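Engineer: Given only the sequences and the hints, what does the whole structure look like? Please build it.
Residue numbers (the working numbering), protein chains in the order written: chain G, 1 to 429; chain X, 1 to 369; chain E, 1 to 220.
What the hints contain is simulated information worked out from the structure, not anything from laboratory work. These figures come from a predicted structure and were not determined experimentally. Only true hints are included.
Heads up, incomplete: computed chain X residues facing chain E, CB under 10 Å, no partners named:
1. His237
2. Asp306
3. Gly332
Derived DEER-like restraints, expressed as beta-carbon distance ranges:
4. E:Gly49 - G:Pro413: 38 to 44 Å
5. X:Gly132 - E:Lys101: 38 to 44 Å
6. G:Pro413 - E:Ile132: 44 to 50 Å
7. E:Ile132 - G:Gln245: 51 to 57 Å
8. X:Ala174 - E:Lys101: 20 to 26 Å
9. E:Lys101 - X:Asp356: 52 to 58 Å
Below, a list of computed lysine-lysine pairs in the BS3-like style, where the Cα atoms sit at most 25 Å apart:
10. G:Lys257 - G:Lys222
11. X:Lys261 - X:Lys284
12. E:Lys101 - X:Lys315
13. G:Lys81 - X:Lys349
14. G:Lys83 - X:Lys349
15. G:Lys286 - E:Lys216
16. E:Lys216 - E:Lys60
17. E:Lys141 - G:Lys56
18. G:Lys286 - G:Lys350
19. G:Lys346 - E:Lys60
20. X:Lys354 - G:Lys79
21. G:Lys308 - G:Lys426
22. G:Lys350 - E:Lys216
23. X:Lys349 - G:Lys88
24. G:Lys162 - G:Lys253
25. G:Lys222 - G:Lys169
26. E:Lys101 - X:Lys261
27. E:Lys60 - E:Lys70
28. G:Lys88 - G:Lys56
Beta carbons are placed, not taken as given, at the ideal position from N, Cα and C, and that holds for glycine.
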Amino acid sequence: MSTTATQTKSPFSLERGLQAWREEMDAPVASFFSSCVHCGLCATACPFQVETGDPKYTPIYKLEPMRLLWEQEYTLWGKLKGKLGMGKQITDEMLEEWEPLLYDSCSMCGRCSMVCPVGNDIAYMIRKAREGMVASGHAPEGLIAASVRAVNTGSPMGLQWKTLEVQIKHVETSSGLTVPLDQQGADYLVLLSSMEIINFPEYLEAITKIFDHAGVSWTLSKDCFEATNAGIQIGNKDIAAKLTQRVVDAAVKLGVKNVISPECGHAYTAIRWEGPNNIGRAYPFKVFHIIEVLDQLRADGRIKTEGKEMDRLSMHDPCNLARKSGVIQQQRNLMDLVADNFVYLKEHGKLQWCCGAGGGVSSNERAEPLKMAAFKRKKAQIEEVEPERMVTMCATCRTQLEEGLEEFNMDIPVVGLTEMIAEHLKESD
Amino acid sequence: MAVPNNPRKTLGESLRQHGVSRRGFLKFCAATASMMALPPSMAPAIAAALEKARRPSVIWLSFQECTGCTESLTRSFSPTVENLIFDVISLDYHHTLQAAAGEAAELAREQAMHENEGEYLVVVDGSLPGPGANPGYSTIAGISNLQMLQDTVAGAAAVVAVGTCAAFGGLPKADPNPSGAVAVSDIVKDKPVINVSGCPPVPMVITGVLAQYLTFGTLPELDEYNRPLAFFGQSIHDRCYRRPFYDKGLFAESFDDEGAKKGWCLYRMGCKGPMAYNACATMKWNGGVSWPIESGHPCLGCSEPDFWDAGGFYKALSVPIGDSGDVLLGAGAAGIAVGATAGIMSRRKSAAAKADHQPVTADELEQKL
Amino acid sequence: MITSMDFLLWTKGPMFQIAIAIFAIGMLIRLTEIFALGRRHNYAEARGGQLLPGLRTVYKRFHTDPGTLKRAPFDVVVGTIWHIGFIVALLLFIPHVELIKSTFGIAWPALPNPIVDGITAITLLGLIAALIHRFMHPVKKFLSTAEDYLIWGVTFLVVLTGYLAYHRVINPYPLALGIHILTAEVFLIVLPFTKLTHIFTSFVARWYNGASFGRKGVQS
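Structural biologist: If you want it as structure tokens, here you go:
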């Protein structure tokens with residue numbers, strides 16, 4: 001798929017990639033590259049390295065080309081060495097070799113960033129490195145296709161409003177409630193992810209019920225229902241900004257005070273942390289993950305539940321939610337509300353292990369074997385505590401858990417936390 | 001002094017004449033043997049040889065010195081075997097000690113040189129202005145030190161450089177060395193030079209070297225600085241009675257603190273014992289009464305070359321020489337200036353890249369599919 | 001002829017000044033270059049602060065999380081031991097305290113020599129073990145460059161020559177001490193141009209890491 005060299009018309013080039021990296025150089029990156037001592041501990045934090053045993057999947061090694069640029073152009077010492085003819089050249093071939101390292105074997109879960117003894121935020125740098133990979137034409141086909149679809153159709157999976165409309169009708173029929181559309185001045189604008197709409201339609205029904213129960217004023221927007229941001233996954237801020245702007249425009253148009261990101265990890269980090277920086281200004285509204293909203297409703301006493309799940313449950317914290325966004329206690333509070341027999345995975349919260357599908361890995365067909373390899377770490381964690389069901393709050397994680405557990409013939413269903421809460425709502429009379 | 005005893009007398013005769021008992025003499029010989037790392041059984045042999053030794057002619061040249069070395073030898077508390085040995089060598093020229101002055105004195109030197117051609121010993125104390133320096137800085141009877149040394153050494157059997165000035169240049173050579181002082185060994189290349197360093201040297205070390213020459217007619221085994229290994233083979237630190245405190249980590253930190261009163265190690269007060277090679281710790285001074293460290297003062301390392309310039313006397317051995325603080329400040333400021341310049345260039349590079357940013361579009365990406 | 005005393009005085013005098021000058025210029029260039037790059041303004045609404053979480057991370061990365069300790073016990077235990085040993089020998093050995101006092105005008109209590117001696121011996125063993133591990137461990141071996149072995153050698157030699165000088169194994173002592181001081185000077189000169197910069201920059205890196213996570217409400 002790498003055709004830059006042969007197709008003269010390609011808009012991407014090595015130089016454009018290097019320019020993108022130059023844009024990304026900042027003090028943290030320089031301090032991180034200055035500090036690595038090749039101790040290799042980040043490898044022990046990476047599910048891709050741990051489960052494949054291949055040293056080339058060591059997180060910091062994935063950044064070697066970008067490190068070379070930093071050394072050669074951003075240190076006096078490196079410039080001097082360059083003048084003396086020392087040091088490797090960054091080439092297209094090199095970037096091609098690194099493409100699978102930066103995309104297929106990294107879910108940007110950030111676990112390495114938590115473990116590195118010198119404090120290198122490796123995931124932060126991987127995100128930056130992907131900018132250069134896109135601009136040099138070394139992004140995986142699957143992610144390119146998803147980005148193009150997201151920009152052109154509004155959904156990375158090419159999902160149309162018509163499809164969602166059918167689902168809304170279905171939810172309304174089954175729940176007897178109305179799904180509010182384009183409600184001017186609603187408190188919350190609810191976003192969805194295409195994967196959720198296709199794989200887990202029960203989510204929409206669940207929030208419809210919960211918000212009705214708690215008396216929350218909310219709405220969907222016909223202009224923009226998609227929460228996910230393929231631009232973040234492929235690692236391009238221009239695409240990311242375009243997609244973020246759609247959400248901002250929809251929210252501003254409806255005059256909402258808050259935007260709710262669905263049960264999707266990267267959508268949340270994309271809109272919560274990256275979005276304002278992609279568009280270069282702060283939002284006139286707040287952004288929450290659905291779990292944050294539910295926990296706030298619980299704390300305010302607006303959610304009344306009855307009954308508890310009696311089977312042995314455990315929970316997978318999505319990396320984007322827990323480690324990368326600090327939403328950790330909220331899902332625990334909600335679990336306490338509805339689960340009687342809850343057991344933590346041994347490493348959970350900010351040190352949980354990635355399911356293996358995040359950071360665009362699940363949109364990159366080529367990465368399928370690595371994705372399944374990385375899942376083995378999660379599988380081992382699950383086996384340690386032997387739950388009867390797993391709970392999570394990210395559609396990508398949930399899909400990966402379901403596929404992975406099935407692959408290894410483990411009969412452990414996976415449920416979304418929002419649905420579980422919806423099932424325990426006290427009937428109002 | 002110039003005409004002390006009958007030159008025909010042997011050392012033994014001379015000693016007995018001075019009332020030194022045979023027992024006292026043998027004790028000296030035993031000590032000499034042990035210092036020369038000879039077995040005690042050699043003591044009688046040394047005694048026998050010394051008894052029979054004829055007084056050799058010694059010419060003592062004093063250049064840029066303070067007379068401390070001569071004082072060390074002669075100002076003993078009571079007559080000792082050490083200074084008696086001096087009585088029984090034929091000290092034919094020593095302008096501090098001799099009665100003769102002026103031309104008569106120089107005549108005595110020339111006479112001794114002439115009469116003992118090839119056999120006399122030259123003892124030098126003090127450094128001398130080197131060949132490149134103004135010879136007028138130090139002259140005797142109108143003769144420059146350099147000239148006198150070269151003339152006198154020409155017919156000598158060996159040269160003994162007594163004291164750190166003669167051995168290594170000493171105080172006159174201390175930075176900035178205004179007189180261009182050099183050590184004897186810088187000038188004398190064709191005769192054996194034995195350095196007996198120290199400021200001043202332990203008297204018995206001087207006589208010990210002479211004793212060996214008298215006993216065996218040989219010169220002692222020397223270290224890398226041409227010092228007799230028997231006396232300079234071990235460091236003060238290795239022989240120091242306060243060493244156990246160093247090993248235990250017990251240190252005096254000022255001259256009147258508890259550690260000083262308890263006799264703890266003086267390393268932190270600047271003791272140069274670890275790098276000083278001398279016999280003070282074993283032979284002591286003033287007839288074995290005491291020595292600097294025993295008196296509570298750190299060793300200055302006076303037997304070592306350039307001890308004047310080897311950092312402060314009261315600064316620990318590990319402390320660098322020179323003002324490191326200023327160097328750090330200066331270099332640090334330079335580093336910040338250069339780093340800031342380089343950093344601003346880097347920033348500009350990134351800013352330029354941002355300014356030239358070509359947004360990636362879906363259409364561009366689509367071309368890749 | 002250059003004698004061992006000439007050598008010692010050269011290492012304690014001009015060479016020391018040269019070494020600290022190169023070290024100070026080099027290291028401050030590195031640090032200034034880092035800070036001059038700055039960070040982009042962050043428009044996302046913060047969930048937490050940066051300063052304190054950053055400082056907490058600076059401290060917290062001295063402690064390894066239990067999972068990593070279990071997966072890489074050798075790295076963590078041996079790495080911690082020799083790092084601590086190196087720092088103790090560097091900062092708490094009496095001659096070094098005297099050196100620091102004379103250079104920076106600050107001093108602190110030192111440890112008794114026999115304790116530093118024992119710690120130094122352990123540090124040497126730790127460094128040897130770390131080198132062997134680097135040769136054997138697939139990830140470490142894969143990552144290692146010539147520079148990694150160079151800085152191992154430079155670090156090891158400083159400790160080894162110090163140990164030999166303390167035990168007066170090399171004679172005469174001015175030679176032993178001079179060699180030790182020279183290796184320390186080589187260490188200082190090499191430091192700003194190699195990964196030894198982590199001695200300083202890791203604190204910066206940790207802070208940025210902690211600040212970035214802290215802003216998002218996570219203590220990293």
